[in-house]
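*Asks:* One letter stands for each residue in the lines below.
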Amino acid sequence: MTVAAPPSTRKARKRPFWTMERRDSLAGYLFIAPQMIGITIFVLIPLALVFWYSLHEWNVLAQTFRFQGLANYQTLLSDPGLPQVLGATTIFSIGLVIFNMSLALLLAVLLDQKLKGITLYRTLFFSPVVVSLVAWTIVWGFLLQNNGGINALLASVGIEGPNWLRHPTTAMISVIVVQVFKNVGLNMVLFLAALQGVPRELYEAARVDGTPAFRQFTRITLPMISPTVLLTSIITIVGSLQVFAQIAVLTQGGPGMSTTVLVYYLYQQAFQFHKFGYGATLSIVLFLIVAILTFVQWQMRRKLVFYED
Amino acid sequence: MASVTLSDVKKSYGKAAVIHGIDVDIADGEFVVLVGPSGCGKSTLLHMLAGLETITDGTIAIGDDVVNDLEPKDRDIAMVFQNYALYPHMTVAANMGFSLEHRRVAKDTIAERVKWAAGILGLEPYLDRFPRQLSGGQRQRVAMGRAIVRDPKVFLFDEPLSNLDAKLRVVMRGEIKALHQRLKTTTVYVTHDQVEAMTMADKIVVLSGGRIEQVGAPLELYDRPANQFVAGFIGSPSMNFIPGQVGASGFEADGVTLPCPAGTPIGTKAIYGVRPEHFTLSPDGIKAEILIVEPMGSETQVTMKLGQTSVIGLFRERVAGMPGETIGITIDPAKTHLFDAVNGQRLG
Ligand SMILES: Nc1ncnc2c1ncn2[C@@H]1O[C@H](COP(=O)(O)OP(=O)(O)OP(=O)(O)O)[C@@H](O)[C@H]1O
Ligand SMILES: [Mg+2]
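Chains A and B are the protein sequences, given in the same order.
Position one of the first sequence corresponds to residue 1 (full-length UniProt numbering), numbered consecutively onward.
Position one of the second sequence corresponds to residue 1 (full-length UniProt numbering), numbered consecutively onward.
For the record, the hints were derived by calculation from the structure and aren't laboratory data.
Small disclaimer: the values here were computed from a predicted structure and weren't measured.
Any given hint could turn out to be false.
To be verified - These stretches of chain B come out as covered by chain A in the derived footprint (C-beta under 8 Å, 3 or more residues):
#1 90-102
#2 328-335
What the hints assert, rightly or not - Below 20 Å or equal to it, Euclidean Cα-Cα: the simulated PhoX-like pairs (lysine-lysine) are:
#3 Lys153/B / Lys203/B
#4 Lys116/A / Lys287/B
#5 Lys184/B / Lys203/B
#6 Lys153/B / Lys114/A
#7 Lys305/B / Lys287/B
#8 Lys167/B / Lys153/B
Even glycine gets a Cβ: it sits at the ideal position worked out from N, Cα and C.
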């Protein structure tokens, strides 16, 4: 026997367009909208434009803007200056990262003490970070001149200093050191915060276990702060690849091409030789190098970095 | 294994004195519990024993050696920390073997010792896990494993069970006690939980404000607390205290006369102490007004008004009364305590 269902007393209500789910997604999109708009305007569009320019011959003075496909990329492969530039960039970056990270870690360990006035020292070592980059570099430029402050200091103890910025090796060392002194405070405070985040009980346990101080550092401290080490190494490498003002002020890429790093070379090509298209091509190279390095470091984190969860 | 002797041990942080002269003798193989309220200096004392804090005054000896100026590693002690302090980046096995690595112990021996400790503590299935992959109780066991692999002279425990839930605490309490009975290593155990102290200790040291209130076997402290502090601290629910004075026919409190042992001069102002479990129901006993009845199954806890003072009674029987009604109770005078009204010291 079949019985017809009694007619519903409730009025069949139409599902509204703004369901709870749709409202939630709208809210979500609105929340990330400012960030997405910013990234689009300031990152994605410029990136696309740079890539577009790299496919052109673009001379601002001659007012030419001509599509030429991958010609700039062919030039790149046969550019006689490029190997030297990449070499200088590599030496600069590796030197900077090693020097910066080890000095920052050393300072952080020294400043991670409970001593009177320790905050004063922390502030002191951090202060160059907030100083104007160009002003800082100009002052160091004076100090590093042949008759500058540093050689005067060396002379007072009977050492004849080199003409720092006029020899390939010392010029490279100078730009690295000036850059490290400027920025080491930033990594230092990051390391300091990480060191202070290591539970004190671990060191107490290690002392009871009889772990020698150096082993406490290598076996407990370093693994515990490894996430910060990874983070700072990425920031530092990326930053080192983008160095420009220091080179422009101190050496202008010289002597010869010994301190011509990629960004400075890019600047020369685009703004001194007016080859904007080729400059854009070099930017793409820089972008790829940074992207690949970051990707590799990020991949290594599983092996090298310890995470609590 | 060794005895431990603390003589007139003091500690100050700058001008703030936190330990005011502690004397304790711990026999070889003894399980001693330091118990006291939060902030009384238990951890400080234990850290001084371990060598993690300097000693301001006095001497600490382990065995026959004064260890005041020895580094923790040279004291041959092992410590289990409140938050376990496991190395989070090392596996269970590495955590347990870590201390042996610095002692030039052969790799095979380390593995053997770790396996032995893991066997005792039931940790064999977890040796390759990281601490984050373990439950609270398992972490606790790893912390103990790390202590026992070294076979030290003395074990120090700082509130090892305070992060565990009530049930697991009871289980681990039993495990620690069993471990001690098996290894017979001298143990100093810190807790603020008097139940832990009572159930585990051979000897309890009650601390308060950086001073020793009383030292004794658990039941000694229960039966004859030296002062009002110990009386109130040991036992749960706490002992009832009723102010008044000793009279001719008993202890005269506000509105009621209570039985008390003879021997205290009449007229002495005192605090009368009686434990909740030492009241007995009796229809023609002292009348008390029921305030709250809390049945717990095996026992019934009754808050009642004795004279003008509200006290807690714990009865094996089920109490049928309703708030506002009266019940009759009796008290065995032998199980009551009198404390000086001024300084709280035991009278008689
Ligand atoms: N570094 C320090 N400087 C000054 N005072 C301190 C320091 N460490 C501890 N104290 C003080 O010493 C006293 C004892 O501290 P301790 O940690 O030993 O207490 P505790 O009995 O272990 O307490 P809890 O049960 O809360 O762990 C406290 O009053 C505390 O404020
Ligand atoms: Mg404590």
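*Asks:* Would you check the hint for Lys305/B and Lys287/B, treating anything up to 20 Å between C-alpha atoms as holding?
*Replies:* holds, 9 Å
*Asks:* With the threshold set at 20 Å, check whether the alpha-carbon distance from Lys116/A to Lys287/B stays at or below it.
*Replies:* Status violated; Cα separation ~66 Å.
*Asks:* Is the straight-line distance between the alpha-carbon of Lys184/B and that of Lys203/B 20 Å or less?
*Replies:* holds, 15 Å
*Asks:* Are there three or more residues in the region 90-102 of chain B whose C-beta lies closer than 8 Å to some C-beta of chain A?
*Replies:* The restraint on the region 90-102 of chain B holds, since 3 of its residues have a Cβ under 8 Å from chain A and three suffice.
*Asks:* Lys167/B and Lys153/B were given as a pair; does the straight-line alpha-carbon distance stay at or below 20 Å?
*Replies:* violated, 30 Å
*Asks:* Would you check the hint for Lys153/B and Lys114/A, treating anything up to 20 Å between C-alpha atoms as holding?
*Replies:* violated, 33 Å
*Asks:* Examine the region 328-335 of chain B for residues whose CB is less than 8 Å from any CB of chain A, and state whether their number is three or more.
*Replies:* Not satisfied, violated; 0 residues make the cut.
*Asks:* Checking one constraint from the list: CA of Lys153/B to CA of Lys203/B, max 20 Å. Satisfied?
*Replies:* Roughly 18 Å separates the two Cα atoms, so the pair holds.
This entry does not satisfy hints 2, 4, 6 and 8, going by the numbered hints stated previously.
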